[in-house]
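Sequences and hints are given; from them, build the entire structure.
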Amino acid sequence: MHPILSALKHHKTTVVLVALEIALTCAIVTNALFLIGNRLAAMRVPTGVADNELVWARTTGLDLGQGTRPGGDSAADMAALRGMPGVESVASANSLPLSQNYMSVGAWRRPGDKKDALDNVVEYTGTPGMLRTLGIKLSAGRDFLPQEYVPYDPNRIGGGVKTPPPRVVIVTHTLAEALWPGENPLGKIFWLDSEGKEPVQVVGVTDHLLNPRITRYQGADRNMILPVTRVSGGVYVLRVKPGMRGAVKLAIPKVLQGIDPARMVQAEVYTDTIADYYHGDRAMVWVLLVVTGCLLALTALGVVGLSSFWVQQRTRQIGIRRAIGATRRDILRYFQIENLLIVTLGIVLGSLSAVGLNLWLMQHYELARMPLAWLASGAVVLWLLGQLAVLGPALRAAAVPPVVATRTI
Amino acid sequence: MLDYYLRLALSRCRQNVPMVLLLVLTMAVGIAACMTAMTIFRALSGAPLPGVSPHLYVATMDAREAVDQDSPDYKRPDSLLKLADAKALVDAHRAVQQVAVAQSLTQIGQPDGSQSAQAYGLMAYGPALQAFGVPLRYGRPWTEAEQASNAPVIVIDTEVAQKLFGTKNAVGRSVMLGRHRFRVIGVSAPWHPRVQMFDVQHDQGTVMGQAMMFFVPAQASLDAGVGPFLAGECGKDAAVASFQSTQVAQCRWMEAWVRLDTPAQLDAYGPFLAGYANAQHDAGRFVYPPQAKLYGTQAWLALNHVVPDDVHLNMMLAGGFLLLCLVNVAGLLAARFLRRQGDVAIRRALGASKRDVFVQHLVETGLLGLIGGVLALPLTWLGLWIVRMQPVSYAAAAQFSAGVFVILFGLSVGVGLLVGILPAWRVCRLPPALQIKLA
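Chains A and B are the protein sequences, given in the same order. Just so you know, my numbering puts the end of the first sequence at 409, numbered straight through with nothing missing. Just so you know, my numbering puts the end of the second sequence at 439, numbered straight through with nothing missing.
Among the clues, some could well be false.
Stated by the list, open to error - Examples of chain B residues toward chain A, derived with CB under 10 Å: (1) Ala334; (2) Ile371; (3) Trp425; (4) Arg426.
To be verified - Covered by chain B, according to a simulated footprint, are these stretches of chain A (three or more residues, beta-carbon under 8 Å): (5) 20-28; (6) 293-303; (7) 392-406.
Stated by the list, open to error - Calculated cross-link-like contacts (lysine to aspartate or glutamate; reagent style EDC-like; alpha-carbon spacing at most 20 Å): (8) Lys75(B) to Glu183(A); (9) Lys115(A) to Asp112(B); (10) Lys114(A) to Asp112(B).
Don't read these hints as lab results, they were simulated from the structure. These numbers were taken from a predicted model, which means no experiment stands behind them. All C-beta atoms in this analysis are idealised placements derived from N, C-alpha and C, irrespective of residue type, glycine included.
Structure below.
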């Protein structure tokens, strides 16, 4: 057996402890890095609207299915909001990206054929000027024409005449690909409503518009925009000069309560809404980063401590080896190889537990399978860490003079 | 003997201060991380209403009255009921107590409009205060007769009373709620569930229980133009949540909570609930098989992930972190003890038993653990402070308490002893003769 291995056999306790430490760090750090990567990737996805120029407000009176005075109260509200200083344009929409409230419907490729329908498509509705106000950019096609906005109310309840959806729609690239993979969606028709009998024609495509909430069923940006004259239960969206957002937000309740003093008003700067949506992720990323850093530091310290101990313990043996002809480089190599062996043992154990941990997390949380590349990067990090940690003690070992062999401690 | 071991341990600690610092700091950081995560976990995992919510159950059923092509499956239990169904369940009086509630957010003001306060509250059908164990400071809850006649009566909490009237005892005064004048018949102590328990299916993102500052009979409140915070489900899957709508006749917006004290009562109520729901289905009102089911409060909160997954994840991370700290410290301790094999050999040769040596080393590690615990105290406090500064929904749960202190103390001594076992066992294993030879 190689002398390094047989020497290790005499230190089973410490070898096992160091390997365990490396294994634990490997398992936790690879999974933590994977989680961080996932969350950062999710947070970096753009919303598809002009984040830094929007303020939104909602108020009582924009009621579900009240619909007795189509466009009545909200027209007055919007006129008042347009008159505010700093406000460039106002529209109302049923929801905004990352604002949590969403409605999803089915999109039918063939009229009335449920088998050929796509479920869980998020539906945005907006009043004239919605695209311009939100800053949604079209990659193909055109914005809605004034006559295309219709009094469609998907939330309408009870009696009265049921109004059909608009005849035109703007879809995201993702929805177009889901409906007609690889084809040009412009001019194509799909069908809406619970019976799948109402045709809508695609007049525009936007590359990207995030859903109000990113879920497993609805995905991140599979949605469509419908032109309506009035939105029930939605929000007013204001395009505001970036520097005026705070002032506008504070002034909105007064403006709207000036029209009806008894109502409740909520106003928010849109970037705060986005920050709110991601605050949990951001906090988690910080926790994971700090924990990863601490774990690596601790492991390094542990390796330094134990290597130092071994060097001290073996000073005499090192002296003997030097006396019978080993060079400084040989001694240095010895400790470096020893460290490499122990760390490798730890990484093997750690990679197995990392995969196990990932599988367990997948079962209990909505988490993807970790690509094996993450394991490799974790291994590289730990090998480097081990070598860095052992360098100091190993250099000290290499500096032991041969004369030590002749002394007794 | 213990006294001697302690003095021995202290003098040894002084010999190699950097090493000792590394050991105790490692333990302190591990303990502090674990305590921070555990404090939050404990605050969020307990019963929302201690002593009350363990007996509370929420009724769920597929109560949709129209075919929904977009989502025909009943993917997860739904607690929202129409007012009519909620009334029927409450009026049946088949549980110890029963109440249907919905949350509301509105302005409560003095009749002359001079003072007003924005307040969260519960709209209820049934004895809400009794069923949820809300403590009353003054006055009384509303009676069945008042509820039946839609009398404008309200119970407010002491904070609203203080703000509006300058006194906590506001019984007999009047407040404006929406368009109507309501008579204050009772004043409750400030009350909130420890963890959010109402409307948890829709109000995602709220973890800490909202303080409920008024309680009002549902119909009287609707009559006055004040509706629920969320209009609930009004026809389609995932309807747009409207805000304070009173147009809720077509909506499912109330949750029915029942109190059942014994397993026998629970066994009896399940079939009653299923019977009611099935009867509605048979009569053609509910279009889908209702699959009615009762959920205990804890099970309901767990099902709806009220406590964010991140809290569990943090707890596991902190546990893993502490484990790593322990392995690390155990390794360093093993090195530290083995370095002193000479001393041990001499003690063994002078007649100390293996047990004596083992205990002596455990005392030393226990002491180190205790020092680690003392250092962990400010670190835990710091960790909780950092969490409180975060804009996370559970920030308010990060409070230092006496219970935390006790657990921290126990944990640190436990950690100290645990990490010492392996190294201490290792050091007392070699026979004395060999140890002297080695030395």
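Evaluated hints:
Because the beta carbon of Ala334(B) sits about 5 Å from the nearest beta carbon in chain A, less than 10 Å, this interface hint is met. With a cut of 10 Å, the hint placing Ile371(B) at the interface with chain A is violated, because the nearest CB-to-CB distance is about 18 Å. For Trp425(B), the interface hint holds, since its Cβ comes within 10 Å of a Cβ in chain A; the closest pair sits about 9 Å apart. Taking 10 Å as the C-beta cut-off, the interface hint given for Arg426(B) holds, the closest approach to chain A being about 5 Å.
Coverage of the segment 20-28 of chain A by chain B holds [criterion: at least 3 residues with CB-CB distance below 8 Å; count 6]. Interface restraint, the segment 293-303 of chain A with chain B: holds (6 residues with C-beta to C-beta distance below 8 Å; minimum three). Coverage of the segment 392-406 of chain A by chain B is violated [criterion: at least 3 residues with CB-CB distance below 8 Å; count 0]. For the proposed pair Lys75(B) and Glu183(A), the alpha carbon gap of about 33 Å is over 20 Å, so the pair is violated.
Among the hinted pairs, Lys115(A) with Asp112(B) is inconsistent with the structure: their alpha-carbon atoms are about 61 Å apart, more than 20 Å. Proposed proximity of Lys114(A) and Asp112(B) is contradicted: the alpha carbons are some 58 Å apart, above 20 Å.
The structure shown violates the earlier hints numbered 2, 7, 8, 9 and 10.
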